[in-house]
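Trainee: Sequence:
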Amino acid sequence: MCSNARALNLQTFRGISEDKYYPSTYCEAKRDEFLGLKQGSLSVAEYERKYTELSRYIDVIVASESDKC
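Numbering-wise, my numbering comes out as the position in the sequence shown, counting from 1, plus 963.
Source of the hints: derived by calculation from the structure; they are not laboratory data. Predicted model, so just to flag it, every value in this text is computed and none were measured. Note that the Cβ used here is the ideal one computed from N, Cα and C, for glycine as well. Careful: at least some of the hints might be erroneous.
Each computed DSS-like pair below joins lysine-lysine, with the alpha-carbon atoms no more than 30 Å apart [to be verified]: (1) LYS1013 with LYS983; (2) LYS993 with LYS1013; (3) LYS993 with LYS983; (4) LYS1013 with LYS1001.
Computed Cβ-Cβ distance ranges for the label pairs, DEER-style [unchecked claim]: (5) GLU1016 with SER987: 15 to 21 Å; (6) ASN972 with SER1004: 40 to 46 Å; (7) ASN972 with GLU996: 29 to 35 Å; (8) THR1015 with SER980: 16 to 22 Å; (9) SER1006 with TYR984: 18 to 24 Å; (10) SER980 with SER1018: 33 to 39 Å; (11) SER1004 with PHE976: 34 to 40 Å; (12) LYS983 with SER1004: 33 to 39 Å; (13) SER987 with ALA1008: 29 to 35 Å; (14) SER1006 with ILE979: 21 to 27 Å; (15) GLN974 with LEU998: 34 to 40 Å; (16) VAL1007 with GLN974: 30 to 36 Å; (17) THR988 with GLU1009: 24 to 30 Å; (18) LEU1005 with LEU973: 29 to 35 Å.
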């Protein structure tokens, strides 16, 4: 029970801090960059690093009701 309450608190904190420190336009730009990411001339290691960096913004898609459809 305690771990569920803690997870909820961390999730709530994350949502609040993201709203405050990451404007929605920034998150949308990063989401679009993630969705359009191609390896191109990047090495596999560079591509993986960029993918991992941008993937942290993908939960914005899942968290947004309008993007779930």
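Trainee: When you take the CB atoms of SER987 and ALA1008, is the distance between them in 29 to 35 Å?
Mentor: holds (31 Å)
Trainee: Would the pair LYS1013 and LYS983 pass a check requiring their Cα atoms to be no farther apart than 30 Å?
Mentor: Between LYS1013 and LYS983 the Cα gap is close to 24 Å, so the pair holds against 30 Å.
Trainee: Please check whether SER1006 and ILE979 have a Cβ separation lying inside 21 to 27 Å.
Mentor: violated (37 Å)
Trainee: Has the hinted range 16 to 22 Å been met by the Cβ atoms of THR1015 and SER980?
Mentor: holds (20 Å)
Trainee: Using the beta carbons of THR988 and GLU1009, state whether their distance is inside 24 to 30 Å or not.
Mentor: Distance hint for THR988, GLU1009 holds at roughly 26 Å.
Trainee: GLN974 and LEU998, beta-carbon distance inside 34 to 40 Å?
Mentor: violated (24 Å)
Trainee: Cβ-Cβ distance between GLU1016 and SER987: within 15 to 21 Å?
Mentor: holds (19 Å)
Trainee: Tell me if the straight-line CA distance from LYS993 to LYS1013 falls inside 30 Å.
Mentor: holds (11 Å)
Trainee: Would the pair LYS993 and LYS983 pass a check requiring their Cα atoms to be no farther apart than 30 Å?
Mentor: holds (16 Å)
Trainee: Within 33 to 39 Å or not, the Cβ separation of LYS983 and SER1004?
Mentor: About 36 Å separates the Cβ atoms of LYS983 and SER1004, which means 33 to 39 Å holds.
Trainee: Does 29 to 35 Å hold as the CB distance between LEU1005 and LEU973, or does it fail?
Mentor: holds (33 Å)
Trainee: Should the hint that SER980 and SER1018 are 33 to 39 Å apart at their CB atoms be regarded as holding?
Mentor: violated (18 Å)
Figure legend: structure checked against the earlier numbered hints; hints not met, in rising order: 9, 10, 14 and 15.
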